[in-house]
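Participant: Sequence:
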Amino acid sequence: LKETGVYGLFWDNPHKLHIDLGYADDQCWRMEAEDGPLDYYYLAGDSMAAVVSAYTRLTGRAPLPPLWTLGYHQSRWSYASAQEVRDIACCLREYDIPCDAIHLDIDYMENYKDFTINGERFPDFPAFVKEMRERGIRLIPIIDAGVKVEKGYSVYEEGVKNNYFCKGEDGEPFVVGVWPGDSVFPDFLNSKAREWFGSNYKTLLDCGIEGFWNDMNEPSVFYSKKNLAKTIEHISGKAGKNLSLQEFWSITGAVATLANNPEDYASFYHDADGKQIRHSEVHNLFGYNMVRSASEYFKEYDDKKRFLIYSRSSHIGMHRYGGIWTGDNASRWEHLLMNLKMLPSLNMCGFLYAGADIGGFGQDTTEDLMLRWLALGIFVPLLRNHCTFGARRQEFYLFENKKAIKNLLDLRYSLIPYLYSEYVKSALRGELLYTPLGFLYPNDERAKEIEDQLFVGGSIMIAPVYRQNEKGRLVYLPESMKMVKIKSVTDYREEVLPRGDHYIEIGFDETVFFIAPGKALPLANPVSHVEELDDKNFLWLKNSEGEVDYELYTDDGVTADIRFENIKTIKVK
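For reference, each letter of the sequence shown is one residue, going 15 to 587 in my numbering.
Worth flagging that the hints you see were computed from the coordinates, not collected in a lab.
With a Cα cut of at most 25 Å, we get these calculated DMTMM-like pairs of lysine to aspartate or glutamate:
#1 K496 - E484
#2 K319 - D575
#3 K496 - E559
#4 K417 - E519
#5 K318 - E148
Just so we're clear, the structure is a prediction, and the values are computed from it rather than from any experiment.
Whenever a hint applies, use it, and build me the whole structure from the sequences.
Facilitator: Next up, the structure:
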């Protein structure tokens with residue numbers, strides 16, 4: 015440790031944190047919590063990668079998602095009927111765009127009620143799920159954290175009867191406003207409530223659903239009944255008056271602070287198996303335990319099968335139960351760069367199955383932004399195209415340059431055997447899937463400063479274009495590497511480049527990656543969905559004059575067990 019100076023600190027505290035990494039004082043890092051335990055762990059190692067591995071030994075290793083989840087996911091808020099989903103699926107196949115999943119946002123539900131299906135919009139839901147599966151497409155419904163307050167709604171009534179909801183200071187379920195209107199939050203810190211909520215996923219699992227996304231689980235609050243009443247009273251008191259600017263601003267300020275108000279988070283409580291805890295003390299554990307609730311039930315439902323679940327909100331340790339996506343981003347170039355930078359950060363926290371909404375969720379994307387984002391997304395486990403209601407539609411077949419999109423998506427499917435193998439090895443060994451250059455080249459000062467290039471797995475380095483109107487980018491190579499400029503498995507160019515800086519032109523219909531010395535990369539033939547992949551016959555790219563070993567992982571893609579013996583060493587000549 016004296017020689018390397020490499021260590022990590024893990025502070026296990028679910029309270030609101032304040033972190034200052036040299037902003038107020040460039041000689042001082044400060045981490046403060048509003049309350050809670052001072053439980054922290056000192057992790058030492060001979061390298062930064064070793065510290066990360068020690069951390070995942072402590073907190074647990076990530077599970078392996080089903081293989082199909084590495085395919086392309088099409089989503090939008092919202093596909094509001096079975097016929098609309100059929101139309102989307104038909105267009106994807108008509109334009110030869112590979113796809114493995116279509117997501118169902120809140121409009122598939124009956125009045126936004128969890129674990130219900132709108133029978134008018136989605137008649138005979140199990141048959142519809144089966145129909146999509148026969149086309150090679152899984153449906154992934156959303157599950158929100160808020161349960162609608164409604165007499166006759168079984169989930170609500172069961173929760174009230176068994177005291178499974180968070181309560182206010184008056185001992186009654188704490189009512190907030192989210193998508194269904196008046197709603198209550200399941201008490202996920204209560205083991206019985208957690209088990210009960212997880213068992214409700216059976217409704218959709220029995221219909222053939224194999225994957226879910228959990229949303230609004232910070233938990234997000236549009237308003238509380240208490241604060242809404244105060245705000246309405248405040249506004250009503252100003253009616254008919256000649257308002258000063260200060261009085262007008264007090265109205266807009268009162269409305270603006272209704273959502274996610276800290277006062278609301280301090281106004282309801284959890285029953286953590288007999289211990290009453292104010293929500294604001296454990297806010298960061300809510301989404302974590304919502305995913306845990308589902309994941310633990312999946313094992314009870316079928317312990318031999320893998321299911322997909324990922325979440326918007328999380329906490330350290332949730333990677334043992336599911337993945338994460340980076341939430342409501344926007345169609346901005348800086349958010350593309352943020353996506354790239356967040357990948358190794360999430361990995362260092364244990365999350366391997368991760369991703370962002372490519373093209374951006376909010377605002378109107380542009381074709382050039384979408385293409386550049388896709389060129390990064392093809393290297394990311396969760397490849398999901400998702401955008402908001404009212405924004406420009408961004409299904410891929412609606413863009414002009416369909417050939418460029420097709421090239422990149424086909425390349426993604428060609429990369430899946432590599433991404434799958436590297437993912438499994440990272441999960442089993444506690445290693446990073448996305449590695450900053452400084453981890454691998456600790457004595458290279460330039461490499462330690464670079465944040466816009468990453469190793470993906472052990473063989474390749476990526477350097478995406480993330481600026482508008484750029485025809486390429488500057489790439490730094492910490493050692494000699496083989497550049498692969500590729501459009502498809504039949505259209506690519508290789509060139510060995512020396513250590514140093516290189517300007518690389520990158521077209522919209524291609525991507526560039528760099529193979530490290532002595533490494534190899536398998537590429538499969540592109541297919542329309544993952545179940546068609548050939549996991550035995552590959553195009554092998556390598557950076558060596560001689561034979562290279564590559565550890566390839568293959569299995570049936572769905573069985574729960576991950577086995578070391580499924581990693582086979584391939585001699586690449």
